[in-house]
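**Q** Listed below, chain by chain, are the residues.
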Amino acid sequence: MTHRNTISDQSYSVVMGGLATLSVAILVGPVIIVLLTSFTSSRVLTFPPPGFSIEWYRDLFDPVRSGHIHSALANSVWVAAIATALAVVVATAAALAMARSNRASARALEASFMSPLILPGLSYGLAALMFFSILGFRPSINHLIAGHLVVIAPFIFRTTLASLTQFNPALLESSASLGAGRLYAFRRITLPIITPGIVAGAFLAFVASMDNVPVSLFLSNARTNMLPIRMWGMMETTLDVRIAAISGVIIVAVLVAMVVMDRLTGLTRRMSM
Amino acid sequence: MNQPLPVDQGANAAIQRRSVGEPLTLDGITHSYGDGLAVDDVTLQVAGGELVALLGPSGCGKSTLLRIVAGFLNQSQGHVKIGERFVDSLPPNRREVGIVFQNYALFPHMTVADNIAYGLDARGDSRSDQRFRVEKMLKTVRMEDFGDRKPGQLSGGQQQRVALARALAVQPRILLLDEPFAALDKNLRLDMQIEIKRLQRQFALTAILVTHDQEEAMAIADRIAVMRKGRIEQLGTPVEIYDQPETLFVNDFIGSSNRFEGEVLGREADRYVIRLDNGAIWHIATSKTFSTGDAVLVTARPEQLVLVDQPYDGAFAVERTLSLPLGGTLIHDVETPKGATIKVAAPRRVGEAAPPLGPTHCALTENAAPILFPKSAG
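Here the protein sequences come in this chain order: A and B.
The working numbering puts the first residue of the first sequence at 1, with every later residue one more than the last.
The working numbering puts the first residue of the second sequence at 1, with every later residue one more than the last.
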């Protein structure tokens, strides 16, 4: 096949190249700016930083001066961990049931399972708050977990369903013809094959929970302070440089987690060839 | 991998449990999907240790029938009996029916050895029993060196051996083969057909092969059930099906054949005298009954026809348009004056080249047995 460099080819590469550069600049630029700012020697958030110092990180890790941030982080991690664990169970079960059924009602249910992703977070947060109030509950960490569970479950549901749709049903038929019961087949066949999908979804769900503002905004109180809310508060009042330092820590933590994830799923892919 | 290796008798004797396979009986099986009948009142007796091929075009119900035997589908009517036991109410995992699928359906995340051990582990065999048996099965299918590989690292033929070993490891009462050769290339296919036939014989397994490939069915089946529209059109040995097709559908589906129109002139001894529309007079034996003047269709396989230099009353004029020396066979394409194309196949003698093209005559070989059908059947 000969390739002629026509005008349309050229304009294609110019436009695509431009868009790609722009996207990378918009995505990566702010991250770099935040990281650089977090090492500033200045007392306020400014860019470019006048000098280099790790004072803000030292400040951030100081248990006395940043205790409220630490407790907010602990809350966020706790809520994210429990909500993700529950969501894994709920969403995997839902995806399994959905993949097995081909009724129209299942399709409708699928859409409703995905709806928390589409529904504006603020509306859902407000609705959840009113719902819990009507039921007579006071805001507590359990309600935060419940609220987050609803919002993050679709991430796991989606990735698990995707791995189930690629699942060859003949594998289960083979399993049955070899005398294996359903539970045995689930443990030895289905679960190992969909685990990468579940893990990927759980990762997304955990990050989404850690990052969630709208639901936490309505369902948290002073005792159940969440990290993003705390950061927002700091931003509004003091323009504290520790915000940049927190962002720096989060960015690094997520990058590390992503690399680990890729290694794990990449490994699984290689193992399951 | 392509040469047949000596059979390890020791390994196989230990695996062999029954000296004769169990018979399989399908009694009046009917299955309907929403709008129509997928299987229409099929009754079939498969003797112990026999391999029956369900042969037919896609949508003829052969796969549905297989899934009913396996228990993946519950038939609307009729019964499945394995040995002396009705299995209609048993779920697939309690029927002891082994399956080899077209795409082998090996568990991708497990090693070959774990794949083979799967059914043994599921029924609770001890680790050492499993290891022992896996070794034997690997040996039986000549895959000793591949136990630690993943299915993705194997060729199609190797995957099929593993699928077979996995199915046979649990000593199924019936073996079902669902288009097992479709994904293999031609040379490998023949090797695997021989291999499966060898194992099936050796284990005296009752087996059902589902296929749309008539050569495959002819090669390894003891009997062939040609299926069409949910029914068995003809059941017989490969030779019977090929030589004595009972219907035009079977005639056309199996092998290639030429079709002529003609008229019954009368009867001489045990043969009908037929005048073909092209003028030739053929004497044809049949068990069917025709009357003088009936319009008939006559079918003859390419190898039942021969090209002759001199015209006589059993020959008709043709024009040879193409001759292909296909290895040991010469295939002639000839055309009648009316424009119909006829295929003639003749064994090729060593050194014999394709004869020159041009006018010649076509007749039946000496012991040809063409088939008569009433014209209305066409």
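Calculated directly from the structure, the hints in this document are not laboratory data.
Treat the hints with care, as some may be off.
Unchecked claim - Only part of the chain B face toward chain A is listed, based on derived beta-carbon distances under 7 Å:
(1) N93
(2) V97
(3) G98
(4) I99
(5) A105
(6) F107
(7) H109
(8) A122
(9) G124
(10) F132
(11) K136
(12) V308
(13) Y312
(14) G314
Owing to the predicted nature of the structure, the values given are computational and were not obtained by experimental measurement.
Positions of the beta carbon are idealized from the N, C-alpha and C atoms, including for glycine.
**Q** Hints first: check each against the structure and report whether it holds.
**A** Outcome of the hint check:
no. : hint : result
1   : N93  : holds (4 Å)
2   : V97  : holds (6 Å)
3   : G98  : holds (6 Å)
4   : I99  : holds (4 Å)
5   : A105 : holds (4 Å)
6   : F107 : holds (6 Å)
7   : H109 : holds (4 Å)
8   : A122 : holds (4 Å)
9   : G124 : violated (10 Å)
10  : F132 : violated (18 Å)
11  : K136 : violated (17 Å)
12  : V308 : violated (53 Å)
13  : Y312 : violated (59 Å)
14  : G314 : violated (54 Å)
When held up to the earlier numbered hints, the structure conflicts with 9, 10, 11, 12, 13 and 14 and fits the remainder.
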